[in-house]
Amino acid sequence: MTLAACLMTVEPALAQQHPVAEAQIHQRDAAQSYRDGDFEGFTRSLETALELNPASFATRYNLACGYALTGRTTESLDLLEKLIRAKVDFGITRDPDLTSLHDTDRFRELVTLLESSIVPVSNSSARMTIDQLGLIPEGIAIDEETNRMFFGSMRDGNIFVVDSQGMMSKFAVVRHDGKLAAIGLTVDNARHLLWSIGTAFFQMEDFDAEAPGRAGVFGFDLTTGELKHEYMADSSVQGLNDVVVAPSGDVFVSGAVLHVVRAGSDEMVPFTTTPDPFGSNGITTDPAGKTLFVSSYPVGIAAIDIASGAFSTLRRTYRFTGLMACIGTKAILLVFRTAFGPGD
Amino acid sequence: MRMSLNEDLTAVTDVRVIEFANDAITPTTGAIVGSEIHYVGQGPAPETAPSQFPAGLRQFLGKVVIMTAPLN
Numbered sequence: 001m002t003l004a005a006c007l008m009t010v011e012p013a014l015a016q017q018h019p020v021a022e023a024q025i026h027q028r029d030a031a032q033s034y035r036d037g038d039f040e041g042f043t044r045s046l047e048t049a050l051e052l053n054p055a056s057f058a059t060r061y062n063l064a065c066g067y068a069l070t071g072r073t074t075e076s077l078d079l080l081e082k083l084i085r086a087k088v089d090f091g092i093t094r095d096p097d098l099t100s101l102h103d104t105d106r107f108r109e110l111v112t113l114l115e116s117s118i119v120p121v122s123n124s125s126a127r128m129t130i131d132q133l134g135l136i137p138e139g140i141a142i143d144e145e146t147n148r149m150f151f152g153s154m155r156d157g158n159i160f161v162v163d164s165q166g167m168m169s170k171f172a173v174v175r176h177d178g179k180l181a182a183i184g185l186t187v188d189n190a191r192h193l194l195w196s197i198g199t200a201f202f203q204m205e206d207f208d209a210e211a212p213g214r215a216g217v218f219g220f221d222l223t224t225g226e227l228k229h230e231y232m233a234d235s236s237v238q239g240l241n242d243v244v245v246a247p248s249g250d251v252f253v254s255g256a257v258l259h260v261v262r263a264g265s266d267e268m269v270p271f272t273t274t275p276d277p278f279g280s281n282g283i284t285t286d287p288a289g290k291t292l293f294v295s296s297y298p299v300g301i302a303a304i305d306i307a308s309g310a311f312s313t314l315r316r317t318y319r320f321t322g323l324m325a326c327i328g329t330k331a332i333l334l335v336f337r338t339a340f341g342p343g344d
Numbered sequence: 345m346r347m348s349l350n351e352d353l354t355a356v357t358d359v360r361v362i363e364f365a366n367d368a369i370t371p372t373t374g375a376i377v378g379s380e381i382h383y384v385g386q387g388p389a390p391e392t393a394p395s396q397f398p399a400g401l402r403q404f405l406g407k408v409v410i411m412t413a414p415l416n
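Taken in sequence, the protein lines are chains A and B.
The first sequence begins at 1 in this note's numbering and counts up one residue at a time.
The second sequence begins at 345 in this note's numbering and counts up one residue at a time.
Mixed in with the good hints there might be a few duds.
Using C-beta positions, here's what the derived DEER-type ranges look like [claimed, not checked]:
hint : chain 1 : residue 1 : chain 2 : residue 2 : range
1    : B       : Val359    : A       : Ala55     : 15 to 25 Å
2    : B       : Pro414    : A       : Ser117    : 25 to 35 Å
3    : A       : Lys290    : B       : Thr412    : 24 to 34 Å
4    : A       : Asp78     : B       : Ala365    : 20 to 30 Å
5    : A       : Glu210    : B       : Ser379    : 16 to 26 Å
6    : B       : Ala355    : A       : Arg108    : 34 to 44 Å
7    : A       : Gly178    : B       : Gly378    : 32 to 42 Å
8    : A       : Arg106    : B       : Asp352    : 43 to 53 Å
9    : B       : Ser379    : A       : Gly178    : 32 to 42 Å
Which chain A residues face chain B? A few, computed with CB under 10 Å, are given here [to be verified]:
hint : residue
10   : His102
11   : Arg106
12   : Val119
13   : Val121
14   : Gly134
15   : Ile140
16   : Ile142
17   : Asn147
18   : Asp286
19   : Phe293
A few chain B residues that face chain A, going by a derived Cβ cut-off under 8 Å, partial list only [to be verified]:
hint : residue
20   : Thr354
21   : Val377
22   : Gly387
23   : Val408
If you're looking for bench data, these hints aren't it; they were derived computationally from the structure.
For clarity, every value in this text was computed on a predicted model and none was experimentally measured.
Built from N, CA and C at the ideal position, the CB exists for glycine as well.
The following block holds chain A by itself, in its conformation from the complex (with noise of 0.2 Å):
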């Protein structure tokens, strides 16, 4: 089963508005289902939410895992065909939920297929490696100024700086009634801050996926970490993920639904779009400001505009883009394909 499902859900006043925002309370169910073990009331979960998102790579490939997971090895077999064949792989050798199909000989041709298909490019470089286990990183900020590295931990909410000379230290902590997953980050350099995502996560130590949702921004003054800004939102929403600085001051958060903490504003709101990007993750602006970039998984790349809320999904983006990174001086996107991979 790919992970992505529980963050990424919208208010289940939308599901009346828009199949895929159905869909997506559908899959919620599915992870709660798979947590309960109750791997029948997943498979059925999934089902309805594949029939009102057909399009959605994660749904399929965890309906696979369904149906592996309670006996159903042919129909597994032709899902995940149908995602290899469209070069698409959550890791199916080594996810423990398909186990019961690694004696097939279909499911060591489906390999055998996989492995043929993906061609290895590599440029870059190994900067650094921590040896500790389960820091679970997820966002990267880099001041400029100081040359100084940030990075999160999803496990315990912990912020880490790395030196110019390459020494690690604990730089502060994301909480709110308790600690939260360190997610996006970003350096703000015009207000001396470090802008961190905190959200209670599946990955959290002691997550409690019953509790009312904990998400908010933070901001963390650059130089001694003290934290100086906390905007929370609404306990309804089950998610946020990353954040970007505007030219503006604007500061946009992505995540089950977009916010903002308008320049000179002491306070988050949601941004409002037309149409609902049915939750978002990576985010970025545009050089001149006036154009908000997000991944949503279920439409792909959204291209915003900020005057307006108007957006228009980027033509010729794959919809199985996952993160998005950042945007240059130039008009170029960075586009990661992350663990969690393609779909909602």
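We have chain A already, so just place chain B on it with the hints.
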């Protein structure tokens, strides 16, 4: 992936894959500095989850890996 956009920011005109299928890292996100991207992710997961972690988190428990790549 690096995606170049058209002038009115409505379409992708070019895609360049910077890194793909690198078993050393499952990347999450990155930051651009000059002509480079620095990105973070998890290294290979341990064979078993250490006892202080739930078994279900095993796939997320790799070491923190930070990589650098040129954008051009």
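A quick look at each hint next to the structure:
1. In this structure, Val359(B) and Ala55(A) meet the distance hint of 15 to 25 Å, their C-beta atoms being roughly 20 Å apart.
2. A hinted range of 25 to 35 Å holds for the C-beta pair Pro414(B) and Ser117(A), which are about 26 Å apart.
3. For the hinted restraint 24 to 34 Å between Lys290(A) and Thr412(B), the CB-CB distance of approximately 30 Å keeps it satisfied.
4. Taking 20 to 30 Å as the suggested C-beta distance range, the pair Asp78(A) and Ala365(B) conforms, at roughly 25 Å.
5. Hint check: Glu210(A) to Ser379(B), Cβ distance near 47 Å, so the stated range 16 to 26 Å is violated.
6. For the pair Ala355(B) and Arg108(A), the beta carbons lie near 40 Å from each other, so the given range of 34 to 44 Å is met.
7. Checked against the given bound of 32 to 42 Å, the beta carbons of Gly178(A) and Gly378(B), roughly 39 Å apart, stay inside it.
8. Between Arg106(A) and Asp352(B) the Cβ separation comes to about 47 Å, which falls inside the hinted range of 43 to 53 Å.
9. In this structure, Ser379(B) and Gly178(A) meet the distance hint of 32 to 42 Å, their C-beta atoms being roughly 41 Å apart.
10. Hint status for His102(A) relative to chain B: violated, with the closest Cβ pair at about 17 Å, above 10 Å.
11. Because the smallest distance between the Cβ of Arg106(A) and any Cβ of chain B comes to about 23 Å, over 10 Å, the interface hint for this residue is violated.
12. Checking Val119(A) against chain B by beta carbon gives a least distance of about 7 Å; that is within 10 Å, so the hint holds.
13. The interface hint given for Val121(A) is met, as the beta carbon of that residue sits about 4 Å from the closest beta carbon of chain B, less than 10 Å.
14. Because the closest C-beta pair between Gly134(A) and chain B is about 5 Å apart, less than 10 Å, the hint holds.
15. Interface hint status for Ile140(A): upheld, as the beta-carbon distance to the closest one in chain B is roughly 4 Å, under 10 Å.
16. Proximity of Ile142(A) to chain B holds as hinted, the smallest CB-CB distance being about 5 Å (cut-off 10 Å).
17. Restraint check, Asn147(A) versus chain B: the minimum CB separation of about 9 Å is within 10 Å; hint holds.
18. With a cut of 10 Å, the hint placing Asp286(A) at the interface with chain B holds, because the nearest CB-to-CB distance is about 6 Å.
19. Interface hint status for Phe293(A): upheld, as the beta-carbon distance to the closest one in chain B is roughly 8 Å, under 10 Å.
20. The closest approach between the C-beta of Thr354(B) and any C-beta of chain A is roughly 6 Å, which is under the 8 Å cut-off, so the hint is satisfied.
21. With a cut of 8 Å, the hint placing Val377(B) at the interface with chain A holds, because the nearest CB-to-CB distance is about 5 Å.
22. Restraint check, Gly387(B) versus chain A: the minimum CB separation of about 7 Å is within 8 Å; hint holds.
23. About 4 Å separates the beta-carbon of Val408(B) from the nearest beta-carbon of chain A, less than 8 Å, and the hint is met.
This entry does not satisfy hints 5, 10 and 11, going by the numbered hints stated previously.
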